[in-house]
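Q: What follows is the residue order along each chain.
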Amino acid sequence: MIIPFFNDFLQWTRVPVTIGIFALNLIVYIVVTPAYVNSQTQIEDIVNNDRFLKTQGQLFAQMITKSKKHYDSALVSLSERVNDRNSDSAEILGRLAMRNSEFMEHAQKFPYRGDHISYASWKKQFKIFADLRDVHPNYTLGYSSVDKSWQTALTYQFVHGGLSHLMINMLVLFLLGSYLEPTLGGPFFLICYILSGMGAAFGFDLVSGATPVPLVGASGAIMGLLGALSVATWGKKLRFVWLLPTRAFTGFVWLPSWIFVAYLMATDVAGLIETSSWLGAGVAHAAHIGGFLTGTLIALLSRFAWNSKHQPARVLNRELHLDSLIQPR
Amino acid sequence: MVHPDPFDHNSTESNTPKAHVRAPALASPQDRLAATVVDYLIMVPLMSLVLAPWKRVLQADLVMGDDFYFHFQTILALILLFLAGVLYQATFLWFRGATPGKRLLRLEVISIWPRQRLTFSECLLRSVVWWIEVLLCGLPFLAVFSNYKRRPFHDRISDTVVVTHRWYGVRSPSIMEKGIAKGAVHAVVVFLILLGGFNAYQTLRELHKQMASSDSLASDDCSEESGMESSSEAESAGQKLEREMGLFAVGQAATNCLEKAADQVLAENPDSGLGYLGKSFALASVDAAQSDKYLDEVCKVEKGSQGCEFSRIVSTWNKSDWREISDSLRKLLPKSPDYIKFWAVRHFFKIRDYTKVLEILQSAPMSPTYANFVLENRFKSLLALGQVDQAHIIFETHIEHLTDDQKLEPASWMCNEELSDSCGAVLPLSCKVFSDLIRGHEEEMLTTSNLALTDIRIKSCDSEEETGIDVPYVHQLPQQAQLYIEALKLHLQNKTSPAKKMMEKLAESPKPSVINIEARVKLISWASSTEDFSKFYDLWKREDPFSAGWVREGKILMKKFSSLKNYSESFNAGMDLYEHNVTAPEFLRFLIVASYKSNHLQEAMHFWHQLPESEFDLHAATGRAPASFNELPAFQSWMREHEAGL
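So the sequence lines, in the order shown, correspond to chains U and V. For what it's worth, the working numbering labels the leading residue of the first sequence as 43, then goes sequentially. For what it's worth, the working numbering labels the leading residue of the second sequence as 435, then goes sequentially.
No wet-lab data here; the hints were simulated from the structure. It cannot be assumed that every hint is accurate.
Partial list, computed: chain V residues near chain U (C-beta under 8 Å) [to be verified]:
| id | residue |
| --- | --- |
| 1 | Gln464 |
| 2 | Val472 |
| 3 | Leu475 |
| 4 | Leu480 |
| 5 | Gln493 |
| 6 | Met498 |
| 7 | Leu538 |
| 8 | Leu539 |
| 9 | Arg540 |
| 10 | Gln698 |
| 11 | Tyr728 |
Stretch-level coverage of chain U by chain V, calculated; a stretch enters the list once three of its residues show a Cβ under 8 Å from a Cβ in chain V [said to hold, decoys possible]:
| id | stretch |
| --- | --- |
| 12 | 158–171 |
| 13 | 254–261 |
Pairs of lysine to any residue, SDA-like flavour, derived with a Cα cap of 20 Å [claimed, not checked]:
| id | chain 1 | residue 1 | chain 2 | residue 2 |
| --- | --- | --- | --- | --- |
| 14 | U | Lys165 | U | Trp276 |
| 15 | U | Lys165 | V | Ala723 |
| 16 | U | Lys166 | V | Phe970 |
| 17 | V | Lys993 | V | Phe970 |
| 18 | U | Lys165 | V | Lys727 |
Positions of the beta carbon are idealized from the N, C-alpha and C atoms, including for glycine.
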């Protein structure tokens, strides 16, 4: 285990904005959880129903067969299997249909050819599903192809899909915020955070195309902070703590700050390559990359704009702080 | 030429100017482990980057269910992973003398020969062997605890040694350290060998089982399972569905096949009544409400058709009077497809209208798929009507065409049926077929309670009163059957009350089965006091008259009451049976005695007219039906004879 460990990690009074962001996230989480749990269980009931999925898969297969050019070749060959009455394939295609914005928009109006009864019950459940989306916090606040606006690009950053998601994001926020906020200054930190989050949403939309499954979580914004950090400390070394099975068991090590860029970009680019757009994934790698690039860009621009010896004014007064953090050459 | 000791840096280099430089100490195993962990952390993102395109393909293959390409690509990806790992290590060793992890821990890999740096081939060899050691569960790495210079195999083969530039190093392992390490390696190796052996044994057993069962199990492929002539290519979706529904009606089709066929029909024509009927049948046991919806839909798409009529009958089957249903079925039957015929056979068999069953079966198709169903129902109906000889002719002509495995099932239920009244009714043929079949391979075949029970009953008949219950394969049987045999044994040993308790438990079991019915029958026949009989009689009256075993229980109750000279109760039970279509001659003779003895002379007369022997008396009398028994001298002697028989 090697994790970044900055000096100001435990000095809370210096990081009001970080604490504010944390509080906002926590409040949103607490307020939204009852509605989330309620609608999520209902949605899962529908989505895990075999017959619902099967009919949906058959419907989607018919949609694909009608206009083959609009869909991925894998989806087309899957739909051919469904048309041959392969019920497993129908269920898989039914699941994939949920990730296809074309399907989610036009499915209800598509003239389905086949069994009236199962279509009627599918329609009923799909209606319930569509109604649930108006209540479900992930859909109302999250950024998705159905709800693509700058408002949702802002609000999605403060919604999380579960406690562990929230905890991990907040831990990283504190790790970075405790160093970056005093370095960059509160207002600039906040702007950087918010804009990176929005950049992440638009990057996600641009690279992998927005899906009906909403994008939620602070990770895009946090990646932006990482980008800003790597710009602010470029060419210097940062302190990390390591926990390894050596004689000393634990200690500190100074590693170059570009380690962040290399490490995270490798992971996210790999993630982006390995997930097919029609299959989707649990982690929005494109959003991570978008956030990171936005944060980096903002930090770079600020350097040029201020043109103040590579550091924002406030940091220059805090040399002691920097000395303790960055290894002197 | 004498080679210098490669480890003795002091002596070999004592003449060089570098002599004062302290030789680096050996790296500690802990540090080497930590370096590996760091390398791992660095390699994970790199590897995932390398493997990302493959993963994408693999996911697609998995979703598409393309097994061949999935395995192919997996192997390819693993080879690539291996190569990438080797390249990572070899490159860093060649350029920097240490991987990044080792650099972080300030370790270095040096050659044991006094020269400046490693050659590339040494680096490559070391990496390849290192990765092979990883594949061997990392066991060879443990040599760092036992080797003199802490050099595992990858170090020895490439003439390298790992040293540290930290202030602390380690010496060669002590004797104790060596001993512990070697012991640990031996223990792990033994453990792995045992584990591997056990797994291999398990796998072999599984394989063996699969091989054995693959012959008997029907394949998942729906078109093969039907076993019909290979005309399936030519037949249309509608014909296929009709065939599946026929199979379903005789209890042979898998519901998923039926549903598949129905889906196919509905995809071709969404307004096909047959398709909805098929869907409804397929869903009947899974989701009753949905199944009813499909039934209703049939009449919506095809008003007044045969399918619509049939769906109405099916949907009201549980609710309305069975007489009405029989009437509407009779109207529907001429020119109806097979599945309706088979369904009707089941209905009429259940309400004990055996003549109608035989009539329908006359016109039924005799394809091998339906053969067992047709045979079973025809045989059982003939037996129930008392036409024993006829039944056996049918059985004999049919059983010749079957293989041994196929014979077992019909032989068992025929044998079972014959034995139901008494051991005296055992007829030679089918029971003989059954006994011949099971002799020798009892353990494999008698795994269902039904077959086991048949066998037990034959044995108990062979050796008069249930002494032949010594069943050698008892542990192979289902638990219920085991308990049943246990109870029988207890009863034989005159331990009546525990035996009764066990039987009661079996009789009350919530899952209806053959053993269940059998236990109830045994309980009745074991009962001795009058109160017991009236208790059982009350229970019996509350049961569903069309459930399996109801007739058998009723008959035994009748006999029991008669044997206690309680003829009025016997008559009541008999009348119940008669009202529910039980009209076999054996039963009627019994009922006549009971009615006569309990002074129900008119009823006795009525039943007498239904017997074959009454024909003689009709002739003896003057061409009209006799009004009382006094006019029938033959009856008196018949009566005397049968009374004695009771």
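Q: Can you list which hints this structure breaks, lowest number first?
A: 9, 13, 14 and 16
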